[in-house]
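Trainee: Here are the chains, one letter per residue:
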Amino acid sequence: MDLFIQLTVSGLTNGAVYALAALGFVLIYKSSDVINFAQGELLLVGAYVTFFFVAQAGLAWPVGVLLALAVAVVLGVAVERTVLRPLIGEPIISVIMVTIGLASVLRALVTAIWGPVPRSFPAFIPRDEVLILGAVVSADRLWAIALSILMLALFSLFFRLSNEGIAMRAVADDQQAAMSMGISIRRIFALAWSIAAVTATIGGMLLANIIGVGGNIAGLGLRVFPAVILGGLDSIPGAVIGGVVIGLLEAWTGGYIGQGLNQIVPFIVLTLVLMVRPYGLFGQEIIERV
Amino acid sequence: MESGIFFESYRQDLTLRRTPAQKIRLALVLAFVLVFPFFADNYYLTLANQIGIAAIGAIGLNILTGFTGQISLGQGGFMAVGAYTAGLLATRWGLPILVTIPLACLTTAAVGAVFGIPSLRLKGLYLAIATLAAQEIILWVVTHWEAVTGGTDALVVPPATLFGLKLGGRGADFRWYWVILAFAIFTTLFAANLFRSRVGRALVAIRDHDIAAEVMGVNLFRYKLLAFATSSFFVGLAGALTAHYRTIVTWERFTIETSISYLAMIIIGGLGSVSGSIYGAAFITLLPAVLNNLGRAFRDVIPGIAGLIPQIQLGVFGGVIILFLIKEPEGIAKLWKDVKDYFRLWPFSY
Amino acid sequence: MLVLNNIEVIYNDVILVLKGMSLQVPEGQIVALLGANGAGKSTTLKAISGLLGPEDGEVTDGTIEFQGERIHGLDPAEIVRRGVFQVMEGRRVFEHLTVEENLRAGAYTRRDRGNVPEDIRGVYRLFPRLEERRGQTAGYLSGGEQQMLAIGRALMARPRLMLLDEPSLGLAPLLVQEIFRTIRQINREQGTAILLVEQNARAALRIADYAYVMENGRIVLEGTPQELQENADVREFYLGLTQVGQRKSYREVKHYRRRKRWLS
Amino acid sequence: MAIQALSLRFGGVAALTRVSLEIRRGEILAVIGPNGAGKTSLLNSISGLYRPQEGSIRFFPAPDDEEGVELTRRRPDEIARLGIARTFQNIELFRHMTVLDNLLLGRHIHMRANVLTGGIWWGLAQREEIEHRAVVEEIIDFLEIEPIRRQPVGTLSYGLQKRVELGRALALEPQILLLDEPMAGMNVEEKEDMARFILDINEERGVTVVLIEHDMGVVMDISDRVAVLDFGSKIADGSPQEIRSHPDVIRAYLGQEHA
Amino acid sequence: PAPQPASPDQGAQAPAQEAMAGEPIKIGAIFDLTGPTSDVGTPYAEGIQGYVQWLNEKGGVSGRPIELLFQDYGYKVDVAEQLYSQFVNEGIVAFQGWGTGDTEALRGRIAADEIPFMSASYSAVLGNPEEAPYNFLVGTTYSDQMLIALRWALEDWAAKGNAGAPKVAVLHHDSPFGRSPVPDGEAFAQANGMAFTAIAMPRGATDLTPELTQAREFGANYIVIQNVSSPAALLLKDRQRLGMDDVQVICLNWCADEILVNLAEGAAEGVVGTLPFAPPTEDVPGLQAPRDFLAAQGQDLNEIGLHYGQGWWTMAVMVEGGIQRTLEAGMELTGPNIKASLEGLQGFDTGGVTAPISYSEEDHRGNRSLRIFQVQDGQWKAITDYIDAE
Ligand SMILES: Nc1ncnc2c1ncn2[C@@H]1O[C@H](COP(=O)(O)OP(=O)(O)OP(=O)(O)O)[C@@H](O)[C@H]1O
Ligand SMILES: Nc1ncnc2c1ncn2[C@@H]1O[C@H](COP(=O)(O)OP(=O)(O)OP(=O)(O)O)[C@@H](O)[C@H]1O
Ligand SMILES: [Mg+2]
Ligand SMILES: [Mg+2]
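If you're matching them up, the sequences are chains L, R, C, B and D in order.
Per the numbering used here, the first sequence starts with residue 8, numbered consecutively.
Per the numbering used here, the second sequence starts with residue 71, numbered consecutively.
Per the numbering used here, the third sequence starts with residue 42, numbered consecutively.
Per the numbering used here, the fourth sequence starts with residue 464, numbered consecutively.
Per the numbering used here, the fifth sequence starts with residue 26, numbered consecutively.
Certain hints may be false.
Chain C stretches covered by chain B per the calculated footprint, using a threshold of three residues with CB under 8 Å from any CB of chain B [stated by the list, open to error]:
| id | stretch |
| --- | --- |
| 1 | 54–65 |
| 2 | 182–193 |
| 3 | 204–213 |
Chain C is faced by these chain B residues, among others (derived, beta-carbon under 7 Å) [unchecked claim]:
| id | residue |
| --- | --- |
| 4 | Q552 |
| 5 | M679 |
| 6 | H709 |
| 7 | I713 |
| 8 | Y716 |
Cross-link-like lysine to aspartate or glutamate pairs, in silico, EDC-like; alpha carbons within 16 Å at most [as the list claims (entries may be wrong)]:
| id | chain 1 | residue 1 | chain 2 | residue 2 |
| --- | --- | --- | --- | --- |
| 9 | R | K193 | L | E292 |
| 10 | R | K404 | C | E68 |
| 11 | D | K406 | D | D388 |
| 12 | R | K397 | C | D97 |
Hint data in this document are derived by calculation from the structure and do not stem from the laboratory.
These numbers were taken from a predicted model, which means no experiment stands behind them.
Where a beta carbon is used, it is the ideal one built from N, C-alpha and C, also for glycine.
Construct the complete structure from the given sequences, taking the supplied hints into account.
Mentor: This is the structure we're talking about:
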């Protein structure tokens, strides 16, 4: 029973980390239909930029974090300007491919600036252990839970209620028609990428706090793919719940079965779930009316 | 200038190469391909062989992703199935490659079809996850099923012989060149033919509009599975060739990175284009080679940045992909077509 | 208000679709643009609203002026902000948005946010059917309902010039009358100028102040509705009237027909 | 074909409620009704895209076939094989394929090349392509779309696309042709062309045609019978003349102008 | 083929040697500077390059400079193949690989091309000339490291006054690299009455609690980690959090480095490691040359870390143990000759960086012993003398 509680708690909290990483994915998909293969690299950049401001430049952490978020916004805008703008109206798959190129560029930049050796992250996010139902968790995971719930609420409201949110969904539906509404695709893309970079920076910070700042942060980009799909590609609550479910599945299989099966059990469960719910738990159906 | 092409019969109209220009081009390419190995050293032969295998794999992937519209992230896994099947058949039972390769292709086709079953319900990126699942599951099996894969770190495949001729050893690259070339030509022709006949057309129709295809009498499920199987068949071929050519099979060759780089090949080459797959395979294989050579050259010229060269190469690799897609989002095949169109009408554009 | 001067449009760098197209829409008027399929009507509208980009089309010659200023080459969003709004052909509603969200998307460029709810109610008054479906995902609306939504969405932008691409497409007769009445009403009450591309020539000519007929990328005929209605070709090919002014029966269409005079 | 008490719901929306309708061999039947009345849903149910909750659709492939085939539980491709083809309201062509390929796809059920013979090409596949190409060329001639044979349909104008779509359905050599607003977006001249095609298909090829159309001129002129739907129910059914003066139809659909 | 050292007609080759004097000797190398293992690949690569430069400044080998043909391959197997064949073309006589992926992939090819090959992949199979005739190991194999670790655990267990044999859990990278020492370890444990279990660490994990709790359920007294530093550091932190401080952790070489200490912060204290190459904090004579060489360039060996010495000495064994001895024996510089020279190498002294290196025709494992180190005050300190795996 102890084991079960420990595994469950650690799965839940680790799932929250996945959720944070998954959110950026969903945001970009929701506003442009693009699967961002550079999501992991956005996490990486976010982590390193925070590292730079807080550890290397020695700023107080609230200032450093704010600056890092500002850099994320700039990065989002820069990506839009240089990469996405020329591709407006082009096949989505080309844009997806471009994110693969972007991933290389970002990774190159990071290693060129910070070198390849991973380092420990300044401990401004508390890492003390906390007891929950007799299970030990690290406080930074609780932060992950809090932050993912906060962003879930924030973004859900944003997409439902704000004009920009509606415009983003409109762009994802039909770019040309959205243009005819006077919606500036450029602006929307810049906004989407900035928001995604901001969430990635937050996710990257937490991740760096857990595993240190280093290249393998980027690996999480693809690892959260099952979480994203399980929740439904375009659903913000889906990203969070998908992350948590995958976290739990991994923890349980890791703890009870092992054999590295936790790499694939999520995929198997996921495929089975999709056979029943083809658009994930919360994803919106692709509308096919003829 | 060609002022239009006229055909006496539908048969003529249906040939793959129609105009004299096309025939001349084809002849030139063939001549080059036949003469090339006699002048190339092992390095260029290695590159050529890598391109050949990649082209086969890319055509396979393009059948599924480009023509049928099912994004696949499982390429690496399917290649692994082909490679391990061929490798195991050769090591365990000492079968010759003319047996191992077809069996490997068929096995991969079967595995591909199994992983295609979710396509009954899933679409688009949701289906992509099923292929990602294939990737992960296959790789897991390959690295954990030691009873079969041997328990050693890699599967060592005995050097192959073909019609009594040893393919391995020194000069292997030269001899393999011909084997790979033959398979590549077979794959190219098969795919090109497939897409000018009934089944291929149905697959393209599914990509363009599955409901309409269904209403026109195409059994979606059967054809999607067929796409998975046919595609995997060739992907398996690429895997099997890798196994025999490199005489060793290691899982690290078949990771998700591989899947992504094959996707890169077909997108950059041109989705839904057989020749595009070949261009893309060449592009993605040669780009790092070119960058490496540039890197080596620049390292000596500008020693100051020597330490950053690898990062620059990595960045440039990404940058070239981005730039290329910005310039020509529909790939090299389209670029090439535009060039041809331009010269066909030249100097009277419009 | 809107002046197109000799514009040329090329798709994919090779296909020349508009070949010296000129037309004018005066302030506050309804101008109809008629023409066969593939004549380039939609292309003309997209050229005005700057929407050719995603289709690889390009205005290569000529000028487009709106209220004395050149608008061609501007960002489509800017063109909308200046008051030109296109209702695209084929009801391009945002499928995953609800009816109401679609309407709000239409008001995206509006600065007077406060009036938006009132305008939404206005659209519902015009199309009660939409109000019934306000929370429904637009992708599941029937064709006609989507068409209403597309027009309603345009109204939300309160444009000065509305470009309507075949608004009656797929609408039931009752609704066609309704739509044309609404168009005239919008024009009269809000002073919105309208460039109307329409295949239902009879209805279009009834509400238009001026009309053009285009064929093959250029204007072949223009005039007031009365003038056009007297043109024999227009009568036959666009209004479907026989020489004596009777409506022809579709059953009696001859297999070989008279060629149009303007196609020399 | 006999449709009996067909009901179809989407969540709360009742698209069809107990619709019964008979489609007689060789006729042109027009289905009219206000927007959202359920006309397209009816066609979708026939071609197997929608699964009605209740009711039956029986199709009688041969004149002497009493039994008939039940369509409501069949897959769309099976229904196509039975000889029922259709066009769509919003044009659902294969946009990236050429006109020729679109039409050839219409021949799909009549061809038999498989992956192997197709990939090998020489032999069965080539022979078959040539054979069916001839059939398709005939349709191309008939619809007068020779010049655009090799164009990807995505770049064609709306009217031409409609024609290609009709051609694709014809290529299937159907017994019943379901047309969803084939003349929307056309001017009178083009509608005349289309009307002539439909009449020819019906008269010369003996194909039964079901036609949804909002242009009352067309409906009155070319259809043998008209059925009217409103809010998912059939409110009238009869000859064009009867329908024209039917009070419910005037109220719900036509308005005074057409009366 | 049997090696033919000091062939009788040496004199006949002498003129050829003269002609070659001053001619550079080409050695190929691929490095991971941008890929997933670039964190350790970079200092390793610098070590190799540093050694070559240092040697050339000293006048090279028998008067001939070494020309290193190298490139980053980003841990991509097919790029490794490209570079390998390119370098072979350009006339290399030996090759320095890097990871498991490329070492495995090139294994067949180097045997066919007769190119002696060393890398930082220490799978036991590579030390078996029947399987891999041209591969040579400088580092102690993972299997031997495992045996040494278990040997030490037995002693440590007894030294702490415990009765019986301890329970051991191996937490390993989920790949053949990770599992390669498991079977030998298991056999040893069985023979010595130790309870043994192997638990895979999933790739890219951000939480290793499940694996640790498994080890805890098993009742492990010792945890042996066969993985790289980052996940190992995460494991150490999670272990500390779960209060499993009484479990002694032993790192095999790829996680026993400075990166681990840095990333795990306090949690690495007391961890022991099997280090085939001495860390810079260890004052061994063999690290003096690299230390001075770096100092001359304004760099500090202690900052760069132990992988520098690892690269340096791997290259040194290849050059001094293989190439130099071939030249000194007056033989032509060919792959088979270098191989033969290496196979004649006995007790090659690396100045205390590793145990002395010896190869034979039957065995390409350079050594089978190493010292156990422990993290004390954030530094790796040797706590034993050389322990032999046999
Ligand atoms: N994206 C495109 N690429 C290439 N050609 C195009 C493209 N869009 C339209 N065309 C061509 O331009 C011509 C004019 O098209 P347009 O859509 O403007 O016609 P239209 O007058 O609106 O016709 P309809 O009444 O059928 O809507 C057609 O011949 C069409 O084939
Ligand atoms: N797949 C679906 N999901 C949900 N509702 C649907 C779906 N298909 C149709 N409907 C609803 O069913 C009703 C009937 O739609 P249908 O498309 O059959 O109308 P129609 O008679 O063809 O109208 P129109 O003349 O405008 O094309 C509409 O209210 C529509 O919103
Ligand atoms: Mg149009
Ligand atoms: Mg309809």
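Trainee: Are there at least three residues in the stretch 204–213 of chain C whose beta carbon sits under 8 Å from a beta carbon of chain B?
Mentor: Our answer is that it holds, as 5 residues pass the Cβ test (under 8 Å) against chain B, meeting three.
Trainee: Does E68/C lie within 16 Å of K404/R when you go C-alpha to C-alpha?
Mentor: The given pair, whose Cα atoms are some 45 Å apart, is violated under the 16 Å limit.
Trainee: Verify this for me: three or more residues of the stretch 182–193 of chain C with a beta carbon less than 8 Å from a beta carbon of chain B.
Mentor: Holds: 7 residues of the stretch 182–193 of chain C have a Cβ under 8 Å from chain B.
Trainee: Would the hint on M679/B stand, with a C-beta cut-off of 7 Å toward chain C?
Mentor: At 6 Å from the nearest chain C Cβ, M679/B passes the 7 Å test, so the hint holds.
Trainee: Closer than 7 Å between Cβ atoms is the bar; does Y716/B clear it against chain C? Give me holds or violated.
Mentor: Holds. Min distance 6 Å.
Trainee: How does the stretch 54–65 of chain C fare against chain B when you require at least three residues with a CB closer than 8 Å, holds or violated?
Mentor: Per the Cβ count (1), the hint is violated.
Trainee: Return the status of the interface hint for Q552/B: holds when the least beta-carbon distance to chain C is below 7 Å, violated otherwise.
Mentor: 5 Å, holds
Trainee: For a C-alpha distance cap of 16 Å, please report whether K193/R and E292/L respect it.
Mentor: 10 Å, holds
Trainee: Hold the hint about H709/B up to the distance rule: shortest CB distance to chain C must be less than 7 Å.
Mentor: 14 Å, violated
Trainee: Could you grab the alpha-carbon distance between K406/D and D388/D and see if it respects the 16 Å cut-off?
Mentor: 30 Å, violated
Trainee: So, I713/B near chain C? Judge it on the closest CB pair being under 7 Å.
Mentor: This hint is violated: I713/B lies away from chain C, its Cβ roughly 9 Å from the closest one there, beyond 7 Å.
Trainee: Would the pair K397/R and D97/C pass a check requiring their Cα atoms to be no farther apart than 16 Å?
Mentor: 13 Å, holds
Hint check: violations occur at hints 1, 6, 7, 10, 11; the rest are consistent with the structure.
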